[in-house]
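Protein chains: 4
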Amino acid sequence: MIVILKENPDQAQLDGLLQWLEERHITIHRSVGSHHTILGLVGDTSSLDIDLISALDIVEDVKRVQEPYKNANRKFHPEDTVIRIGNLEIGGGTLTLFAGPCSVESEEQIVGIAKAVKASGAAVLRGGAFKPRTSPYAFQGMHIDGIRLLLKAKEATGLPICTEIMDASQLPLFEDIDILQVGARNMQNFALLKALGKTEKPVLLKRGMAASYQDLLMSAEYILAGGNPNVILCERGIRTFETYTRNTLDLACIPSLKTLSHLPVIIDPSHATGKAALVPSMAAAAVAGGADGLIIEVHNDPAHAKCDGPQSITPAVFDSLAKKLKRIHDITRGDREYD
Amino acid sequence: MIVILKENPDQAQLDGLLQWLEERHITIHRSVGSHHTILGLVGDTSSLDIDLISALDIVEDVKRVQEPYKNANRKFHPEDTVIRIGNLEIGGGTLTLFAGPCSVESEEQIVGIAKAVKASGAAVLRGGAFKPRTSPYAFQGMHIDGIRLLLKAKEATGLPICTEIMDASQLPLFEDIDILQVGARNMQNFALLKALGKTEKPVLLKRGMAASYQDLLMSAEYILAGGNPNVILCERGIRTFETYTRNTLDLACIPSLKTLSHLPVIIDPSHATGKAALVPSMAAAAVAGGADGLIIEVHNDPAHAKCDGPQSITPAVFDSLAKKLKRIHDITRGDREYD
Amino acid sequence: MIVILKENPDQAQLDGLLQWLEERHITIHRSVGSHHTILGLVGDTSSLDIDLISALDIVEDVKRVQEPYKNANRKFHPEDTVIRIGNLEIGGGTLTLFAGPCSVESEEQIVGIAKAVKASGAAVLRGGAFKPRTSPYAFQGMHIDGIRLLLKAKEATGLPICTEIMDASQLPLFEDIDILQVGARNMQNFALLKALGKTEKPVLLKRGMAASYQDLLMSAEYILAGGNPNVILCERGIRTFETYTRNTLDLACIPSLKTLSHLPVIIDPSHATGKAALVPSMAAAAVAGGADGLIIEVHNDPAHAKCDGPQSITPAVFDSLAKKLKRIHDITRGDREYD
Amino acid sequence: MIVILKENPDQAQLDGLLQWLEERHITIHRSVGSHHTILGLVGDTSSLDIDLISALDIVEDVKRVQEPYKNANRKFHPEDTVIRIGNLEIGGGTLTLFAGPCSVESEEQIVGIAKAVKASGAAVLRGGAFKPRTSPYAFQGMHIDGIRLLLKAKEATGLPICTEIMDASQLPLFEDIDILQVGARNMQNFALLKALGKTEKPVLLKRGMAASYQDLLMSAEYILAGGNPNVILCERGIRTFETYTRNTLDLACIPSLKTLSHLPVIIDPSHATGKAALVPSMAAAAVAGGADGLIIEVHNDPAHAKCDGPQSITPAVFDSLAKKLKRIHDITRGDREYD
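For the record, the sequence lines run as chains A, B, C and D.
Just so we're aligned, residue 1 is where the first sequence starts under my numbering, counting upward by one.
Just so we're aligned, residue 1 is where the second sequence starts under my numbering, counting upward by one.
Just so we're aligned, residue 1 is where the third sequence starts under my numbering, counting upward by one.
Just so we're aligned, residue 1 is where the fourth sequence starts under my numbering, counting upward by one.
Isolated chain A, as found in the complex (with noise of 0.2 Å):
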């Protein structure tokens, strides 16, 4: 960490921090420049609260040179995370499709798209039991009844279930759901995390609308020193000027993410671009870019969908998409190496 200190500051002042810094064992090297002081912090920094530095009148700017994270950091975890379902590996150089509906609606149409979608190549379930609707008067999903059609269409399929979790209190509902998601909403729903951390599920995160990578890396953070190290992180567009796609898909989070962290990486162009004309190319671009996996959303009836449908393509264009996915994936897959 470095502290960058106003000219002439305060003496008091100045050997109040110096000690206090003492009592933390942290070294202090000091630059003297013409306009400035620069303190070069040696040590565990990471215990260090930066807002109460730079609160100090005498002090200009503390910058950062150690990341605040530390369980989610590649530095001190250089091996890729792999996370275990079964014979499913997901991170570590695979291509993992989660593939399903925005909502699970009836049980003849969670089987019938999980069958089509494991014929075409997914390897995980998604559908959505619970909704987070920005409207209070838009369907809210079938819970308690969304979640035992999903297991259904698990055991008519095998195909592992990946479904959201709104709230803590919801656990107990999700004992059978092999991978919890955790929506962008609520992504610094610091309550709900904390509770993750304390199960052994692996979690799928979505980055906020306005989450940077740390952000992101910080919530993955809650999760794992809680002690459940099964995190996914999952990427669905950030909030930006444009309007013509529902948010901004940033495939740059791919190596970004990969070089940072050793946690896996999954795409959702679904939510990203709102619009399912949009889904393959992106689809694509995202494997050709390093993804650990994707999540597409698909529905034997798009224009009957009861949430989502203008995102959601067919079970017909998800097959041929999954085949030319594979195709990318066997070119691009050999050039993973982050440092």
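By construction, these hints were calculated from the structure, which means they are not laboratory data.
Just so you know, not all the hints are guaranteed correct.
Given that identical chains are not distinguished, each listed pair holds provided it fits within a single copy or across any two copies.
To be verified - Once the Cα atoms are required to be at most 27 Å apart in a straight line, the calculated DSS-like pairs of lysine-lysine come out as:
1) Lys6 - Lys118
2) Lys63 - Lys275
3) Lys6 - Lys154
4) Lys6 - Lys63
5) Lys75 - Lys6
6) Lys154 - Lys201
7) Lys75 - Lys63
8) Lys118 - Lys324
9) Lys154 - Lys323
10) Lys63 - Lys201
11) Lys70 - Lys275
12) Lys70 - Lys6
13) Lys324 - Lys154
14) Lys63 - Lys152
15) Lys275 - Lys6
16) Lys198 - Lys6
17) Lys154 - Lys63
Based on these hints, arrange chains B, C and D on the given structure of chain A.
Frame of chain A, contents of chains B, C and D only:
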């Protein structure tokens, strides 16, 4: 609602759509242009799912004419909402100052600050007991002990208390708290919003970092639709590319939200700027811009505050600021006319 | 165009509007709802000034149905535009690699890099002679001497040259340049765009940091409307809150712009990411996503480049990347269908 | 400047860097931490190219301590810059109102508005003769005829004139204009900035839609470094995800820019909000927030203005607004202390 059809729409799909709309008692006005046919839908369109219509192959675009919120909409409730807590009135032309530390730290601290800010004209004491922190390693608040100390400060000063609730499960602990704050990161924690809708407690709802005015009003709508009419909107800065300030304070939200809605609008210059030196001028700007109140971080010893020190002002600065704000409010209070 | 009237509009103003529209040969379809009356305007509305109508007291909102650009619009020009420079074809299903240093520094440097990138498959040499730099104290390019060296590199390799023009007054110096680049900061320098519209030179038009797809297409429209049909669109990252990358690369612009327009779309992963380590994966993603080409910074000695060293890759990296891009293009080239 | 080295840096590269710095008379303070070595560079680092150092393999990150602008920096020029035009003083504690129509349309219009706004207290007449319009089909201004009419209005009222220059080649036409405006879209048109640096004309420099405070100050630096000290900074809204307002007005720029720089700061609430109804409250907020002035669009007949009608207020509204602004300024003018 307006539906713009693609060129040469499939007649069978179009007939299906028209019939579906008629079943919902929607009257349709059709305009045929050279490239587009436009359907004007007249009737109660708030129950129509815009996504469902957008997903049809024959549809190029759907545009809402009516806002998707009702309870929060000034069109249906032209009079300002006034929140009453004892003799205190928030909204309707008054200026209410919320002040206090970011976090409750000790009885001495919170009671001392409460007395000071009351003497300067604050009408509500703010202070965090449950703190949402980006880092799992940062101070997370005193929890139930913090609540107890806030109630002691209330006892000592008579000031109503505003403090943040992070999860619906905490509700029983907040029984004696006067105003429940929902933080920016929880603005779309719908489980929490629904729980608050079932109480009668005033809720201070902070705008999320990437939330549009409409998103904020839809979150308010969750609480209002649940039966709780006591919602106060709060702007605390949005996230943009500018990094000098912690967030970008969007003061145009004041006349905008007051045009769209009848709910009171409060400004938080402390979190918006992240720098104590910018708080007084932005507080003055907010009052001149028509805010119903301010929520300001005040700490007797910012340099040793357990969080958010850099953005806290001292009781002395608050005292002179409050005097100036009152003078500005006297000039601008008569201007409030929204239609 | 759709005009939404306020409740109970003033009849005299409304009559005035209706007459004004009729004088412009616009047919009006009126839909009367419970709260709003909607006017559907049919005819050539592209000449109507949306601001003029919005300003009327009786008008609540105006929404365009037709895009405000014509020459750039795929609806009126369904076939892909293909830019031809000698035997080179840009657009229409080909993949064109632009490569070269940020700045021309010496004959040895530019000729050496030109030979290297040509051998690896680049079809256009890029290199800056006039450099837009944020700081007046940074290296501003070799100016006319840089142009001369670029032409020497063209002579030595046969590669067409793409370089940036910063002001209309520089046009005479660019007579032998093949492709004129308009930088992101000049995307709405309308004096420059108009001047380029009067030439026949292919123009590489970079998207501004805060420009929507429509803004970019309106800037292209300036050139096209002037009589120059040879415009290539280029995404180079937009500005968002994320600071890890220099900008945020928006690859969904590829299928979006190609749906809206017939113009070729080129991606610049170097400026978008600002980090050489991210360039190969984002280049691969862009090709998989359907880009018509890439513009990549290549420098034989990035650590001593006079500008933008951190984002330049070496000729060796470019060579292996180009091979991989070709393989990805072979898989994805057949998918290009936009309507 | 601080250079953070990667772990185990290559010794030869490091020696090369150290020698290169020494040749530039930079003193180096080295701090060795557990994971990072930090170099503190002391001396005149403003001439060092941060990109050049960042590009080195051994470097993890480089952080500037000193701002990259000198002439615009308050540290080196603690006194407020005051721009003098005849008896008018802009900056230094005064409040200057610029007012007038978006575009000059006729002699009657511009002279009439000039007289009206002068009577209400405006000190500068604004009006566009060359208009940057997003669409090539929109009204582009009256050009030289517009300049002539502005000068007639000056003759009739004595008000100095502020109007936009779009290209360096137009300079001769602006000989009698008092303040040259550089529009947001041209903020980084460096050819134009350099040309303005060679004049002595006051320049109103508008912040670009995606420009940080530092970017704005670097553009001012271009003009100042050229020898022209007369720069006025102008905030007119930045582009964010919010679409209700035309742009997002960032009033925290006022105390921020005045802390960083000695240049006057003027606010444009008309372009920032795009809605006439929001202009008065945001004008009041800007004055309370410490602005040195405002630039407001005033039109005698907004509904028939040739551009920007929706954001123009009438002379009557301006008149009552100006009175209120003066009263607010009387309260807040004493607060201006920046260090």
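Here's how the hints hold up against the structure:
{"no.": "1", "hint": "Lys6 - Lys118", "result": "neither (62 Å within a copy, 34 Å between copies)"}
{"no.": "2", "hint": "Lys63 - Lys275", "result": "between (41 Å within a copy, 16 Å between copies)"}
{"no.": "3", "hint": "Lys6 - Lys154", "result": "neither (62 Å within a copy, 39 Å between copies)"}
{"no.": "4", "hint": "Lys6 - Lys63", "result": "both (14 Å within a copy, 17 Å between copies)"}
{"no.": "5", "hint": "Lys75 - Lys6", "result": "between (33 Å within a copy, 11 Å between copies)"}
{"no.": "6", "hint": "Lys154 - Lys201", "result": "within (17 Å within a copy, 43 Å between copies)"}
{"no.": "7", "hint": "Lys75 - Lys63", "result": "both (19 Å within a copy, 21 Å between copies)"}
{"no.": "8", "hint": "Lys118 - Lys324", "result": "within (16 Å within a copy, 30 Å between copies)"}
{"no.": "9", "hint": "Lys154 - Lys323", "result": "within (23 Å within a copy, 42 Å between copies)"}
{"no.": "10", "hint": "Lys63 - Lys201", "result": "neither (35 Å within a copy, 40 Å between copies)"}
{"no.": "11", "hint": "Lys70 - Lys275", "result": "between (37 Å within a copy, 23 Å between copies)"}
{"no.": "12", "hint": "Lys70 - Lys6", "result": "between (31 Å within a copy, 17 Å between copies)"}
{"no.": "13", "hint": "Lys324 - Lys154", "result": "within (26 Å within a copy, 38 Å between copies)"}
{"no.": "14", "hint": "Lys63 - Lys152", "result": "neither (52 Å within a copy, 38 Å between copies)"}
{"no.": "15", "hint": "Lys275 - Lys6", "result": "between (51 Å within a copy, 16 Å between copies)"}
{"no.": "16", "hint": "Lys198 - Lys6", "result": "neither (44 Å within a copy, 35 Å between copies)"}
{"no.": "17", "hint": "Lys154 - Lys63", "result": "neither (49 Å within a copy, 39 Å between copies)"}
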